[in-house]
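Sequences are here, hints too, so could you generate the full structure?
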Amino acid sequence: MGIPNYPVNLGYHTELQGFYDGLAAGELRLTANAETGEWLWYPPENIPGRYDGQLIWKAVSPEGSAYTFTTVKRSLLPGDHKDEVPFTVVLFEPDDAPDCRVPGVLVDAEGVEPACGMRLRFRPVPVGDHIIAGFSPA
Numbered sequence: 000m001g002i003p004n005y006p007v008n009l010g011y012h013t014e015l016q017g018f019y020d021g022l023a024a025g026e027l028r029l030t031a032n033a034e035t036g037e038w039l040w041y042p043p044e045n046i047p048g049r050y051d052g053q054l055i056w057k058a059v060s061p062e063g064s065a066y067t068f069t070t071v072k073r074s075l076l077p078g079d080h081k082d083e084v085p086f087t088v089v090l091f092e093p094d095d096a097p098d099c100r101v102p103g104v105l106v107d108a109e110g111v112e113p114a115c116g117m118r119l120r121f122r123p124v125p126v127g128d129h130i131i132a133g134f135s136p137a
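Just so we're aligned, residue 0 is where the sequence shown starts under numbering that gives the first Met the number 0, counting upward by one.
Derived by calculation from the structure, the hints in this document are not laboratory data.
Here a beta-carbon is modelled for each residue, glycine too, at the ideal position from N, C-alpha and C.
Heads up, some of the hints might be wrong.
[What the hints assert, rightly or not] So the derived label-pair ranges between C-beta atoms look like this:
{"hint": "1", "residue 1": "47", "residue 2": "81", "range": "40 to 46 Å"}
{"hint": "2", "residue 1": "48", "residue 2": "15", "range": "19 to 25 Å"}
{"hint": "3", "residue 1": "94", "residue 2": "14", "range": "20 to 26 Å"}
{"hint": "4", "residue 1": "98", "residue 2": "15", "range": "30 to 36 Å"}
{"hint": "5", "residue 1": "82", "residue 2": "37", "range": "38 to 44 Å"}
{"hint": "6", "residue 1": "111", "residue 2": "33", "range": "37 to 43 Å"}
{"hint": "7", "residue 1": "128", "residue 2": "77", "range": "16 to 22 Å"}
{"hint": "8", "residue 1": "78", "residue 2": "35", "range": "43 to 49 Å"}
Take a look at the structure:
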């Protein structure tokens, strides 16, 4: 299995900086309501029902399960990416943040058939000059 290598350019999407800071620190971080602790993923511009509410970034459990997955066999990225395919993208649901589904890549899974509900563990993966979210079979 390959690993997709594409540059991460947050540009004006600074609402994701905490996610990438967490990856660099070896943590999977999601946003939560600072007042209630309720997990909110994908980071909203405003907390639903609380326009003045504050979001915080918190580390979640590295343990969870695959909500769904798909295997990419042909890259749609421009340029030569033949060495990066195939790879499997998973939506990871952390045990302590149900209903938060974080995209990442299935890693360390040679010979493993991906399945919805399979147990996974977060593992940050260095790719080029950045880090992506990887999830390996638990």
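| Which earlier hints can't be squared with this structure? | Those not satisfied come down to hint 4.
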